[in-house]
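Asks: Based on the hints, put chain E in the right spot on chain X.
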Amino acid sequence: GQQVMQIPQYQHVQEGEDFTTYCNSSTTLSNIQWYKQRPGGHPVFLIQLVKSGEVKKQKRLTFQFGEAKKNSSLHITATQTTDVGTYFCAGLSGTASKLTFGTGTRLQVTL
Amino acid sequence: GAGVSQSPRYKVAKRGQDVALRCDPISGHVSLFWYQQALGQGPEFLTYFQNEAQLDKSGLPSDRFFAERPEGSVSTLKIQRTQQEDSAVYLCASSLARVFRTDTQYFGPGTRLTVL
Numbered sequence: 074g075q076q077v078m079q080i081p082q083y084q085h086v087q088e089g090e091d092f093t094t095y096c097n098s099s100t101t102l103s104n105i106q107w108y109k110q111r112p113g114g115h116p117v118f119l120i121q122l123v124k125s126g127e128v129k130k131q132k133r134l135t136f137q138f139g140e141a142k143k144n145s146s147l148h149i150t151a152t153q154t155t156d157v158g159t160y161f162c163a164g165l166s167g168t169a170s171k172l173t174f175g176t177g178t179r180l181q182v183t184l
Numbered sequence: 002g003a004g005v006s007q008s009p010r011y012k013v014a015k016r017g018q019d020v021a022l023r024c025d026p027i028s029g030h031v032s033l034f035w036y037q038q039a040l041g042q043g044p045e046f047l048t049y050f051q052n053e054a055q056l057d058k059s060g061l062p063s064d065r066f067f068a069e070r071p072e073g074s075v076s077t078l079k080i081q082r083t084q085q086e087d088s089a090v091y092l093c094a095s096s097l098a099r100v101f102r103t104d105t106q107y108f109g110p111g112t113r114l115t116v117l
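Chains as they are written, first to last, in my numbering: chain X, 74 to 184; chain E, 2 to 117.
Next comes chain X alone, as it looks inside the complex:
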């Protein structure tokens, strides 16, 4: 079945440093979504990418969807302690109805 992997599994940065998480799917995706989950919380939708090569920005966050629609990335510029949490990508492929979540990248930010 479809697998979605993310790297790194965990990253610890100092506040102000940049952070990137990469998402790779075993199958071509029709769209990809990104979620953030704070410790003890539930996933919160961040953004959706649909088009090949699409790039979207939300303040310090930049999201990219690969040309082949099999990979994606999330880049955070100048991290803040409020960025702490686990970032998940989640993809839909073909006519499948289910959203397949990636393995997640846990971000820790310290002062």
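Think of the hints as simulated: they come from the structure by calculation, not from any bench.
Wrong hints could be hidden among the right ones.
[To be verified] Below, in silico cross-link-like pairs of lysine-lysine (DSS-like), each with a Cα-Cα straight-line distance of 27 angstroms or less:
(1) X:K124 <-> X:K109
(2) X:K132 <-> X:K109
(3) E:K58 <-> E:K79
(4) X:K109 <-> E:K58
(5) E:K58 <-> X:K143
(6) E:K79 <-> E:K15
(7) X:K130 <-> X:K143
(8) X:K129 <-> X:K143
(9) E:K12 <-> X:K109
Replies: Frame of chain X, contents of chain E only:
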């Protein structure tokens, strides 16, 4: 209005007991999803409803798991004869559109199930 709510927030069950987990989606949301999230893992799809119709139940791990949404609003996930491997957080999400793949899913706080 209010977001997605789930109850109970925490449930401890003895192995072999049946449990029922409730989800109240955002009012007017057509699509409803159940996910299972094990510790340190991403959510895994269990089942999907469009109104009262269960369109996809391919993620239910065994016939001990059953979900319903009889009036197209509140949904219940039932687990019969619970096993220790059922321990996880069960997340419910809803979305507005019928064409769910283009729409945001709003997650509830989850029910943390511990099976002893």
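Asks: Output the numbers, in ascending order, of every earlier hint that fails for this structure.
Replies: Hint check: nothing fails, all pass.
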